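Novice: The residues making up each chain are set out below.
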Amino acid sequence: MLWKNTRNEWIKITSKIRSYLGIGALTVLVVVVQVALKADGGSFISYVTASFEQTLSFNGKILNGNLVAFIVLQMLIVHVPLLIALVTGDLLSGEEAAGTIRMLATKPISRTQIVLSKWIAAALYTFVMTAWLAFLSLVVGKFIFGEGDLIVLNSSGLNIIASDDLPWRFALSMLIAFLALLTVSTLSLCFSAFAKNSVGPIVATMAVIILFTIIGTLDVTVFDAIKPYMFTTHMAAWRSVFEVPLPWDAVWESIVVLLVHIVVLLGITILRFNKKDITS
Amino acid sequence: MALISVSNLSKSFGNFKAVKNVSFEVREGDVFGFLGPNGAGKSTTIRCLLSLIKPSGGEIEFFNQNLASNRNAVLSKVGCIIEKPDFYKYLSAYKNLEIFGRISGKDLSKMEIYKFLDFVGLTGREKDKVSGFSHGMKQRLGIAQTLMHDPDIIILDEPTTGLDPQGIIEVRNLILRLRDEQNKTVLLSSHQLSEIEIIANRMVIINKGETIVEGSVQELLEKQSLNLQINVMNESIFESTLLQSFPELKYHKVYPHNYHVEMVSDTSAQLNEKLVNAGAGVKSIVPKRSLEDFFIKMTEK
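Top to bottom, those sequences are chains R and L. Sequential numbering of the first sequence, starting at 0, is according to numbering that gives the first Met the number 0. Sequential numbering of the second sequence, starting at 0, is according to numbering that gives the first Met the number 0.
Derived by calculation from the structure, the hints in this document are not laboratory data. Computed from a prediction, not measured in an experiment: that's the story for all the values here. If a hint is listed, it holds; no wrong ones were tucked in.
Examples of chain L residues lying across from chain R (beta carbon under 8 Å, computed):
1) Ile52
2) Cys79
3) Arg101
4) Gly104
Selected chain L positions facing chain R (in silico; Cβ < 7 Å):
5) Leu49
6) Leu51
7) Asn71
8) Ser75
9) Ile81
10) Asp85
11) Tyr89
12) Leu90
13) Ile98
14) Ile102
Here a beta-carbon is modelled for each residue, glycine too, at the ideal position from N, C-alpha and C.
Isolated chain R, as found in the complex (with noise of 0.2 Å):
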């Protein structure tokens, strides 16, 4: 019953006008920033390296696909959750605000396969908007900019990896920013087992990114102690995965951070969503 469900879930998914806005305006999003790097990227590479001047000659192809790519993520990582909570806060709450909650939860299915469902279909979109954003950014990237070595100012210093080297890097960046954005529709989902419409879940998270976005950045020495263990501060791991030597300690512990967020909040969706009257 939970993959019938599941396959249920995709299909609303897919079906709903919403899902597509945020695929839309990705597409829109990264071909903008290429354009505008494919346009006038000299200026900007020469304003990143205009520190280093001094003391590196700098020769080649800087600005190529990988470059792109990399810029790319770094300016859109931080705008794909509010597109994926547009669809992920309103799988619970848009039942109950529709009234299909009550079709749904008479039905022999558990609320706790309801909920399971759901998540699952949630991941599977997540994972279609980190492909597409993955697809846009390198694949997209790479034939406009063409191939070349990748370098990346990070809190390591100055990086370059070979470009044979970036594949496997690419791929885990993908993977725990996928993962990142799951935490996201994990917790979106989650204010959607408590509220009756979608926009609150959907506020709600945002609000949340925000609030801790900025705990995390703030120099005060009173959240050093819950910084290490906020979400926010791990959805940038995936930048961990561009310095050389890469440090595993701190990719295995952000990864870790961000699967016991989505185990917790699920299983606080689970028991909300089980003990709910559902008197919509």
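Following the hints, put chain L in place on chain R, whose structure we already have.
Specialist: Just chain L now, with coordinates in the frame of chain R:
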């Protein structure tokens, strides 16, 4: 055999007791009327029966199985419409039935889904989105949805609410067909009391969350006095005939030329004959015995 057995069911929302020790039985083959004024606790009781709401106390059994511990097995044999059937408006009628059929415990072929749509008179509208359906069409689609997994019991909560007269007749006829053609046991909650009188064979009345009375509709009605609304041309002949020939009857004038007569047993034919022979000028005699009177009496207690 009791297909549904409810014993001392109660449900509280905070300090408010919506249902207090409600008990009743629905037997195989019944069209069971579930009556009560607005706010009596009907919808809460029905939601408890369908596990939408967790009861605060009492027992619910379907097919001699406890609902709480056999939820999925029980619900696989129950079809229902709660208040109004809400569907996924962005999907077609066919797709909605396919989706609900898939989780009702029976995989249906395309032909079977078309058969159910035909049963409720929606042939030709299969591929139309539900967003364009009228309330009556949604109600009929709701009935198709309840039948897909061939349930033994169908629970309908206020199925005619919001329908126009034509829609009410259509839904009423569908309920009768469920009983007559498909041998379904139906639990029907309604505030259309006249409808219950026409359709149901047994009923329970609840008020303020408590059971008032349960029994056969026929027997409960027979306990009631028969009221007649009589319209005559000659008031003095009418009153003198009643005094002379039927001194046991109570009557009062409702408005000029119109009388309300209360009978213990049905002697309306003899009364009519006497009045006509006496020249009272009988224009109409309308029997008024109905659940309306019974219901009002019961809930006023």
